[in-house]
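Chains as they are written, first to last, in my numbering: chain A, 49 to 258; chain B, 2 to 96.
In case anyone wonders, no lab produced these hints; they're calculated from the structure.
Any given hint might turn out to be false.
[Said to hold, decoys possible] Simulated pairs of lysine-lysine, BS3-like, Cα-Cα distance not exceeding 25 Å:
| no. | chain 1 | residue 1 | chain 2 | residue 2 |
| --- | --- | --- | --- | --- |
| 1 | B | 49 | B | 80 |
| 2 | A | 194 | B | 80 |
| 3 | B | 31 | B | 80 |
| 4 | A | 194 | A | 182 |
| 5 | B | 31 | B | 73 |
| 6 | A | 180 | A | 194 |
| 7 | A | 182 | B | 31 |
| 8 | B | 31 | A | 180 |
| 9 | B | 73 | A | 194 |
| 10 | B | 73 | B | 6 |
| 11 | A | 182 | B | 73 |
| 12 | B | 31 | B | 49 |
[What the hints assert, rightly or not] Here are the in silico distance ranges between beta carbons for each label pair:
| no. | chain 1 | residue 1 | chain 2 | residue 2 | range |
| --- | --- | --- | --- | --- | --- |
| 13 | B | 18 | A | 164 | 40 to 48 Å |
| 14 | A | 124 | B | 53 | 36 to 44 Å |
| 15 | B | 53 | A | 164 | 17 to 25 Å |
| 16 | B | 18 | A | 64 | 37 to 45 Å |
| 17 | B | 9 | A | 118 | 27 to 35 Å |
| 18 | B | 76 | A | 86 | 21 to 29 Å |
Idealized CB from N, CA, C, for every residue including glycine.
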Amino acid sequence: MTNHDHDDHSRKFQADHPEPTTDAARVGLALRELLIEAGHYTVDEEQAVIAEMQGASPDNGARIVARAWTDPAYRERLLENGARAIREVGFELEPYEFTVMENTGQVHNVIVCTLCSCYPRSLLGMSPAWYKSKSYRSRVVREPRKVLAEFGVHLGDAVEVRVHDSTAELRYMVLPQRPAGTDDWSEEKLASLVTRDSLIGAQRNLPVIE
Amino acid sequence: MNAPKFAAGQRVRIADRTPPVHHRVPSYAKGQAGVIERVCGVHGEPEKFIRGDGEPAQRLYRVRIPQAALWKSYAGTEKDKLEIEIFEHWLEPAE
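Input sequences plus hints: build the corresponding full structure.
Here it is as structure tokens:
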């Protein structure tokens, strides 16, 4: 959370979640305390898992996207078997089948989990609060173009929208389009253009910032 | 594990049922017809997994459904799609 080598704060912060007010939320908290009290896991173990999750970030996805942009053979392997191609770069994503969907001039992909909030946390870190909201989850399947427009993604009729509902064992990432005018850019510099939202499909055009 | 029952490109219909246990098929997809987009791996059956035993494991597929078929007065193009993961025991061949 304190990694300040960039100026894009939209990646790092999200709105507060409300205090638990429902019975289900209180039961969740009570269950956690009981599990710890009964010795099923320790607070230290819980902290270690949280630290591991916080170690993951959209920067990981950005690295993979930049490699796919600069290495056509890698791009093919990534689209063919995402988990295997991501392991090549050193990320371990078991037990999920990691799947990468490529945006093109004709296709825009957007990811949702309507049943809960499945998200490739082990690679990209915690999901944004809006991704977990009932509004996004219920609306983006039904009126994706309208929801995308609210994110600033205005799609013409020539572009096909593909909504991917992450309902079971797969985890998804969008491979955004490489911006024009970046032909001679290094992989590292290209990675700096990739945003979290573009990896979910809530952003389409990546601004070129020199 | 048995060979996949369905192949990519095959038309299928998602069962319209609501077992009284946790399951991973959202209501909007129940009873809908689509095309197998790809055959995925084999995973614990969610209805049994939730009770501590996912066996026998089930083949998973991605099913592609036209948005216009899913929603009344869909505001988009005929080309727009929804793609969703469905386990084999929820699928049957469709015309």
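Hints, verified against the model:
1. As the CA atoms of residue 49 (chain B) and residue 80 (chain B) are separated by approximately 36 Å, the hinted pair breaks the 25 Å bound.
2. Of the supplied pair hints, the one linking residue 194 (chain A) and residue 80 (chain B) holds, its CA atoms being roughly 16 Å apart against a limit of 25 Å.
3. At roughly 21 Å between alpha-carbon atoms, residue 31 (chain B) and residue 80 (chain B) fall within 25 Å of each other, so this suggested pair holds.
4. Pair hint residue 194 (chain A) plus residue 182 (chain A) holds up; C-alpha atoms about 16 Å apart against a cutoff of 25 Å.
5. Restraint check for residue 31 (chain B) and residue 73 (chain B): satisfied, since their Cα atoms lie roughly 15 Å apart, inside the 25 Å limit.
6. Only pairs whose Cα atoms come within 25 Å are accepted, and residue 180 (chain A) paired with residue 194 (chain A) is accepted, the gap being roughly 18 Å.
7. Simply put, residue 182 (chain A) and residue 31 (chain B) have alpha-carbon atoms about 20 Å apart, close enough for the 25 Å limit, and the pair holds.
8. Taking the CA atoms of residue 31 (chain B) and residue 180 (chain A), the gap is about 23 Å. The hint holds against a cut of 25 Å.
9. This hinted pair checks out: residue 73 (chain B) and residue 194 (chain A) have alpha carbons roughly 15 Å apart, not beyond 25 Å.
10. A threshold of 25 Å between alpha carbons decides the hint, and for residue 73 (chain B) with residue 6 (chain B) the separation of about 31 Å lies outside it, so the pair is violated.
11. Of the supplied pair hints, the one linking residue 182 (chain A) and residue 73 (chain B) holds, its CA atoms being roughly 21 Å apart against a limit of 25 Å.
12. Pair hint residue 31 (chain B) plus residue 49 (chain B) holds up; C-alpha atoms about 19 Å apart against a cutoff of 25 Å.
13. A C-beta distance of roughly 20 Å is found between residue 18 (chain B) and residue 164 (chain A), which places it outside the suggested range of 40 to 48 Å.
14. Separation of residue 124 (chain A) from residue 53 (chain B) is about 40 Å and conforms to the stated range, judged on CB atoms against 36 to 44 Å.
15. The given range of 17 to 25 Å is respected by residue 53 (chain B) and residue 164 (chain A), whose C-beta atoms sit roughly 19 Å from each other.
16. Range check, residue 18 (chain B) to residue 64 (chain A): Cβ separation about 40 Å, and the 37 to 45 Å hint holds.
17. Against the hinted window of 27 to 35 Å, the Cβ-Cβ separation of residue 9 (chain B) and residue 118 (chain A) comes to about 29 Å, which satisfies the hint.
18. At roughly 52 Å, the beta carbons of residue 76 (chain B) and residue 86 (chain A) sit outside the given window of 21 to 29 Å.
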